[in-house]
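Chemist: If you want the building blocks of each chain, they are given just below.
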Amino acid sequence: MTQRPAIFRPCEAPGVASVEDGIVLLDGPDGIAVSMTPQAARDTAESLRQAAELALGGSPNAASDGTPR
Amino acid sequence: MITTNVLRNRDGGDLPADEREILEGAIADVKLHPAGHVAVRQGEPVSVSMLLVHGFMTRHVDAADGRRHLVAVHVPGDFVDLHAYALKRLDHDVAALTDVTVAVFPHAALERIQLQHGHLTRRLWFLTLLDAAIHRQWIYRLSSLNASARVAHFFCEMNARLLAVELSDGKKFALPMTQVDIGEVCSLTNVHVNRVLRQLRELELCTVRAAQVEIHDLSRLAALGNFEPHYLYLNRSTATRAAGQA
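Heads up: the protein sequence lines correspond to chains A and B, in order. Going by the numbering used here, the first sequence opens with residue 3, and the numbers climb by one from there. Going by the numbering used here, the second sequence opens with residue 800, and the numbers climb by one from there.
Bear in mind the hints are in silico, worked out from the structure with no lab data behind them. C-beta atoms are modelled at their ideal positions from N, C-alpha and C, and glycine is treated no differently. Warning: the hint list may mix true and false statements.
[Said to hold, decoys possible] With the Cβ distance kept under 8 Å, some of the chain B side facing chain A (calculated, not the full set):
1. Val847
2. Ser943
3. Asn945
4. Ala946
5. Arg949
6. Leu987
7. Thr988
8. His991
9. Arg994
So that you can see chain B by itself, here it is in the shape it has in the complex (with noise of 0.2 Å):
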């Protein structure tokens, strides 16, 4: 099924069969973007929200001098620009990372099940606040940790959302970013980024080759980037397991 990752392993259970076919229902479109196409642009009128199927994608900010900020990264199961149903224009572009599949939810679709199914619309709802607990992470994230705890912080994450919808299996997981989007992400350098991961490395705690990263050690990555699982609102075993428990 499309949906299958759409709250998948969260708190309050994965959807029930008869909400999940509602939701199947709703989708009008799939689309296949090639990496580097930019979906949705600042400031333009929307009238979909788009599910990421397959691959991955970006929020990103241009600010006034040109350079791009990545201010969100979006794995299998995000409903990347949910918040466009209320909006109806963004404040940020949606560009995919990687080749792309995306499920295309019509406004008019959302608001049946708005005005249906009071439920499954918590349930949507509880997905655009888990993109803002997300947000708030990446400011503490920033206006708190170092160079190296922000890197260890950020691997931490994308290994829990991928462990939710089983794209990590706790200890390897593609994540194909160049060290310049590490580096967007992290608020850091190339240069500062090449020189965290080689230490990173070097405590033995992960590796980052060709678009994979392999944790060898993640209760010392996650201590090491202050990562508590806690703000993914993950079921309690995929939390234990993001956490380095398991």
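Isolated chain A, as found in the complex (with noise of 0.2 Å):
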């Protein structure tokens, strides 16, 4: 039996975020549409670049250029 391939795959490209009326907005990767308050965006942002560092096999402290903080 032949595998489909999955649909939902880790995306590879980035998602873009904006301002609107004070509130930050994501539109992708795919089909992520999100609207936040700044702070959440902020705790997001920290969350996913901490979670990046660890996939990436260095420490979730490290800075955005991988080097440790």
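Could you use the hints to bring the two separately framed chains together as a complex?
Modeler: Shown next as structure tokens:
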């Protein structure tokens, strides 16, 4: 039996954040469309950054360029 | 006739005169409801089904956190709760988005049609299957499209459905929905909808003003929303127009 390729795969393109009326809007990747308060956006960004560092095999406390903090 | 818009411009052809007469004969009452009226409440027993004659109605689900989710928008010609004939209670509310006129069909009358008129029964079944097809596209819209594509897809769908009942000329139609309503359909905040509507205007795809949608370039709007009208089972000429290819 041939296996169908998965429709949902990890995104390679980043989402795009923008500001509208003091709210942070995140469009993409894929079907993501989220509105966040500035604080929620900042916390989400930090959480994403830490998870990305872990996924890359580094420390969650590394700076965004991978150097230890 | 009250049932003029039922199955109008769909695959399989309009209802023939004899079946339309049978359907008209099954109407027990015609009612007017004001905007905001909840015609059917989730979970309550139902013994009639309603055909929307004039105006717009919605189906919505109230979440446990108190938020309302619009899960369907109905236009004239839609049987808004024909599925209640089989289910006898609904898993959602049905409400009037505008002042509406509805034709009321007792389930006993629909049962007589089912027992005596097999072809008409299949055509009515087509309507509930059409509802299901639209729901599938709404799932696709929310799971796979970004904000601007969701709104573009929704506008294209409403244009197509209103085109079928001649309430859109293919370029302009009334859509008596607030930005909050559109946000509920597309799972977007009011702020996000506001930004998307501005983008669509700046891209010269469509303009929304005073509850009117004016489409400037339907083929580009459809391309942005990945919209193809096949799931609406329109007849060929209407489908071609709905896709912006006419």
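Chemist: So, for every hint listed, does it hold in this structure?
Modeler: Outcome of the hint check:
1. Val847: violated, 38 Å
2. Ser943: Cβ of serine 943/B sits 5 Å from chain A, so the hint holds.
3. Asn945: The hint holds - asparagine 945/B has a Cβ within 8 Å of chain A, the shortest such distance being about 5 Å.
4. Ala946: holds, 4 Å
5. Arg949: holds, 7 Å
6. Leu987: The hint holds - leucine 987/B has a Cβ within 8 Å of chain A, the shortest such distance being about 6 Å.
7. Thr988: holds, 4 Å
8. His991: Hint on histidine 991/B: holds, closest Cβ of chain A at ~5 Å, below 8 Å.
9. Arg994: holds, 5 Å
Consistency with the previously given hints fails for number 1 only.
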